[in-house]
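Residue numbers (this note's numbering), protein chains in the order written: chain A, 1 to 318; chain B, 1001 to 1514.
If you're looking for bench data, these hints aren't it; they were derived computationally from the structure.
A virtual CB, placed ideally from N, CA and C, is assigned to each residue, including glycine.
Any given hint could be a false lead.
[Claimed, not checked] Beyond 12 Å from chain A on every Cβ pair, some chain B residues (computed):
(1) N1016
(2) Q1065
(3) D1153
(4) P1199
(5) N1204
(6) G1243
(7) F1250
(8) V1261
(9) E1262
(10) H1272
(11) R1279
(12) A1282
(13) R1285
(14) Q1373
(15) R1412
(16) E1454
[Said to hold, decoys possible] Okay, the calculated beta carbon distance ranges per label pair:
(17) A/E207 <-> B/D1436: 23 to 33 Å
(18) B/L1352 <-> A/D145: 21 to 31 Å
(19) B/R1418 <-> A/E255: 27 to 37 Å
(20) A/H138 <-> B/S1245: 27 to 37 Å
(21) A/E255 <-> B/D1273: 20 to 30 Å
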Amino acid sequence: MLSRVADSLYWMSRYLERAEHTARVVDVELQLWLDQSPQSGAGRWRFLLEALRTPAAQGVVDPTHLANTLVFSKTNASSIVSCIAIARENLRHVREQCSSEMWEQLNRLYLEVMDIRPDEAWMLSSHGFFQTVLEGAHLFHGITDGTMSHGEGWQYIQLGRYVERTDTLASLMETHFKRMAQPADQAVESAEYLEWVGLLRACVAFEAYCKAHTAEIRPLRVADFLLLNPEFPHSVRFSVDRVNAALHIIGDLTERRAKLPTRIAGRLRAQLSFSQIEEIMAEGAHAYLENVRTECAQIHTAIHQVYFDYAIEAEMAS
Amino acid sequence: MTSTALRLGLPPSFVNYEFNMAYDEMFGEPGIPREHYQALQRTLVSLPPGELRQIQKEADLTFLQEGITFTVYGSKEGTERIFPNDLIPRIIPAHEWTQIEKGLTQRLTALNMFLRDIYHEGRILSEGIVPRDLIYSCKHFRREMRGLNVPRDIYVNICGTDLVRLPDGSFAVLEDNLRVPSGVSYMLANRKVLKRVYPTMFRNYGVWPVDHYPQALLATLRSMTPENCPYPQDPTTVLLTPGVSNSAYFEHTFLAQQMGVELVEGRDMLVHDNVVYMRTTAGPRRVDVIYRRVDDDFLDPLCFRGDSILGVPGLFNAYRAGNVTLANAIGTGVADDKAVYAYVPQIIKFYLQEEPVLPNVPTFLLTDKVHMQHVLDNLPNMVVKAVGESGGYGMLIGPHSSKQQQDDFRARILADPRNYIAQPTLSLSSAPCLIDGEVDSRHIDLRPYILMGEKVTLVPGGLTRVALRKGSLVVNSSQGGGSKDTWVLRPLGVDDLSSSAEAARKGVPGKAPA
Chain A
1 MLSRVADSLY WMSRYLERAE HTARVVDVEL QLWLDQSPQS GAGRWRFLLE ALRTPAAQGV
61 VDPTHLANTL VFSKTNASSI VSCIAIAREN LRHVREQCSS EMWEQLNRLY LEVMDIRPDE
121 AWMLSSHGFF QTVLEGAHLF HGITDGTMSH GEGWQYIQLG RYVERTDTLA SLMETHFKRM
181 AQPADQAVES AEYLEWVGLL RACVAFEAYC KAHTAEIRPL RVADFLLLNP EFPHSVRFSV
241 DRVNAALHII GDLTERRAKL PTRIAGRLRA QLSFSQIEEI MAEGAHAYLE NVRTECAQIH
301 TAIHQVYFDY AIEAEMAS
Chain B
1001 MTSTALRLGL PPSFVNYEFN MAYDEMFGEP GIPREHYQAL QRTLVSLPPG ELRQIQKEAD
1061 LTFLQEGITF TVYGSKEGTE RIFPNDLIPR IIPAHEWTQI EKGLTQRLTA LNMFLRDIYH
1121 EGRILSEGIV PRDLIYSCKH FRREMRGLNV PRDIYVNICG TDLVRLPDGS FAVLEDNLRV
1181 PSGVSYMLAN RKVLKRVYPT MFRNYGVWPV DHYPQALLAT LRSMTPENCP YPQDPTTVLL
1241 TPGVSNSAYF EHTFLAQQMG VELVEGRDML VHDNVVYMRT TAGPRRVDVI YRRVDDDFLD
1301 PLCFRGDSIL GVPGLFNAYR AGNVTLANAI GTGVADDKAV YAYVPQIIKF YLQEEPVLPN
1361 VPTFLLTDKV HMQHVLDNLP NMVVKAVGES GGYGMLIGPH SSKQQQDDFR ARILADPRNY
1421 IAQPTLSLSS APCLIDGEVD SRHIDLRPYI LMGEKVTLVP GGLTRVALRK GSLVVNSSQG
1481 GGSKDTWVLR PLGVDDLSSS AEAARKGVPG KAPA
């Protein structure tokens, strides 16, 4: 597979995952806002921007500003509309590598979101918009799994998706833990309850959590679930497992198994597999998540160096 | 006009149909369709009002959703546009196609011999059939190609020749496109859409399929193995595109996908020890045959334009060393220069000792004093073209031009007569097209695609381009043209050779529905 093609598939997938993540987080946050006192706005919005690693603007931060920055902005490359446009542009560059169905679905999603304007009516029906984005992304992944060969190209799509998910999940949790009291192993109530449920919902984890631990929300269990659960697709450990699996298969297909990315991903995976949530909390969740994100960035860089942008002289010599 | 159509008993959708001086593809006489168009007319009549408009809407949406678009240069917003597609097919009966096929095969065979000759011994120049200075002054003549042997001595593997139909109904060649002809993907896309729109009529009409084009193209490319290919049975073939902002990018992705070859950009490749490699995730991999959709000028910054970032440094040396094949070869543009075009009938006679099957359009060379005077005196009736341009750029259409444009071209011609040719304004044939839900006539041409490798393949069909502006004679997509599907009909009883010849002679269309 051409390096440029692999690169495009990887980035396409990362951007689409980011659009999906942002849509879910902003949707949940706007819903939560309905249950808040009217004065609680500004502070929350800043946390939201931080959780999504978007630099906050000077001055007033209100829902309209949020919608413009996080959803519609053309200058913010992480806004939902930008992400979808960039994902589509990446796929357009490698159209012949994906199935026509995949391209048509992503193109349709793109045309749909480009049509929408951020006005009053949009604010009132924003939930429907976010659902469109989420469903569009889900449909795309379903079509991808169902119509594209699960070969090397497909593995880069997995890789991009789960590298991005690891990073965004870790970032969201980091901001959340910073804002909340140290997660305790006891049920929380009222205001705090809503925040923890909000976190679960932002990771589509509420129902899955309830199945595992009942609807009794214990922050420590929430942290455990989102960080270390091996079966839930939006947990950090699950995502890292997937990154690892994709890297192994790519390593086999290209006969570059022993290379750097596999080693870093393996190390991170081992850490998550054998960590205990109590230990993590005792040493500080912040540092732990920070480390996850650093390693994730290293995996990204290593993938680039080994598969996309290697030095040609060295390859010719070997 | 309205009364004419009604008096002729045409259905209401034809109410504004204009009959003019041009050859009409559908109607032999006003109101009476030719035999091979009758079934189509019946279908059009049977559709409920508004249906045509609805179908067109759906077809446009399909094109947009599938991203079958082209890029318009020089405009920022909405640079991706769909290539307008017209839903009324253009129908070519079997006997006419036989003629076209024969003529184009002859023409391309001769042009390939011509290219081999001028880059080697130059017999045709020594014998004075084609003037030497005409060739050496051609912008697309590549000195670098002198004495270089290309596989099978074939320079042009992929050719798209533009044909027009003259008022007497005969076909003539308007232009040869021997460099990187485009549009074949629209031929295939139009067909796909029309099959969806008129499934029954399709089967009954007996239309030749065109869907095997990508396969034929791949076979042609693979038959062009370079001299030093390590695995001559299985050459690694790629399609080289200038990239996503090229106007024909959709076509590049489409063809690469349909052929199952890698779509590469210049930056994906490198040359090491005169061997071309592409950068893959598993390390560098050798490339043997390149179907390049990049112009000569941009192929190799070390050899041609130094500011090109679309090419591969060192590519030409690898080509010279016989380590890679480029299709088409470098320097083929000399044979589709519009001034050289005027000599093609002589070229055919010289190499093949045959009379050309398809004639040229009368052409005035402006380097000739008598011709030049005639052209300048009759500028308002002439079409003037720059010899090295394509895509409808750099053209003057006399009857549709202003005094100022004419003066501008007059000055340009006087300053550089070698750079222009002139042709009398042709009345291209016209065909029924769907315009705003009604049927009207528009001028069209025809671009069939010819492949030449181990053998010659001419897919029965082509791109019929339509000048969508009423009265306009310019069919190029960049100048507001559209396209329509082209149906080449099988001769009646195609399995039986004798009756097929019979049918071809009589010009009977395929099994039309009763």
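### Message
Would the non-interface assignment of B/F1250 survive a Cβ cutoff of 12 Å against chain A?
### Response
Non-interface label fails for B/F1250: nearest chain A Cβ at 8 Å, not farther than 12 Å.
### Query
Is the Cβ of B/Q1373 farther than 12 Å from every Cβ of chain A?
holds, 52 Å
### Query
Taking the minimum C-beta separation from B/Q1065 to chain A, is that value above 12 Å?
With a cut-off of 12 Å, B/Q1065 comes too close to chain A, as the shortest Cβ separation is near 6 Å.
### Task
Classify the label on B/G1243 as holds or violated, using whether its beta-carbon is more than 12 Å from each beta-carbon of chain A.
For B/G1243, whose nearest Cβ neighbour in chain A is about 8 Å away, the distance does not exceed 12 Å, so it is violated.
### Beyond 12 Å from each Cβ of chain A, as asserted for B/E1262
The claim breaks: B/E1262 does not keep its Cβ more than 12 Å from every Cβ of chain A (closest is about 6 Å).
### Task
Evaluate the given range 27 to 37 Å for the C-beta pair formed by A/H138 and B/S1245.
holds, 31 Å
#### Entry: Assertion that B/P1199 lies farther than 12 Å from chain A (Cβ)
Per Cβ check, B/P1199 is outside 12 Å of chain A; nearest 20 Å; holds.
### Minimum Cβ-Cβ distance from B/N1016 to chain A exceeds 12 Å
holds, 33 Å
### Query
B/R1412 clear of chain A by more than 12 Å, beta carbon to beta carbon?
holds, 39 Å
#### Entry: B/R1285 non-interfacial with respect to chain A [C-beta, more than 12 Å]
violated, 9 Å
### Query
Does the no-contact call for B/V1261 survive, Cβ to all of chain A over 12 Å?
The claim is violated: B/V1261 sits with its nearest Cβ about 9 Å from chain A, within 12 Å.
### Message
Range first: 20 to 30 Å. Now tell me if the beta carbons of A/E255 and B/D1273 are that far apart.
### Response
holds, 23 Å
The structure does not agree with the numbered hints 2, 6, 7, 8, 9, 10, 11, 12, 13, 17, 18 and 19 stated previously, though it agrees with the rest.
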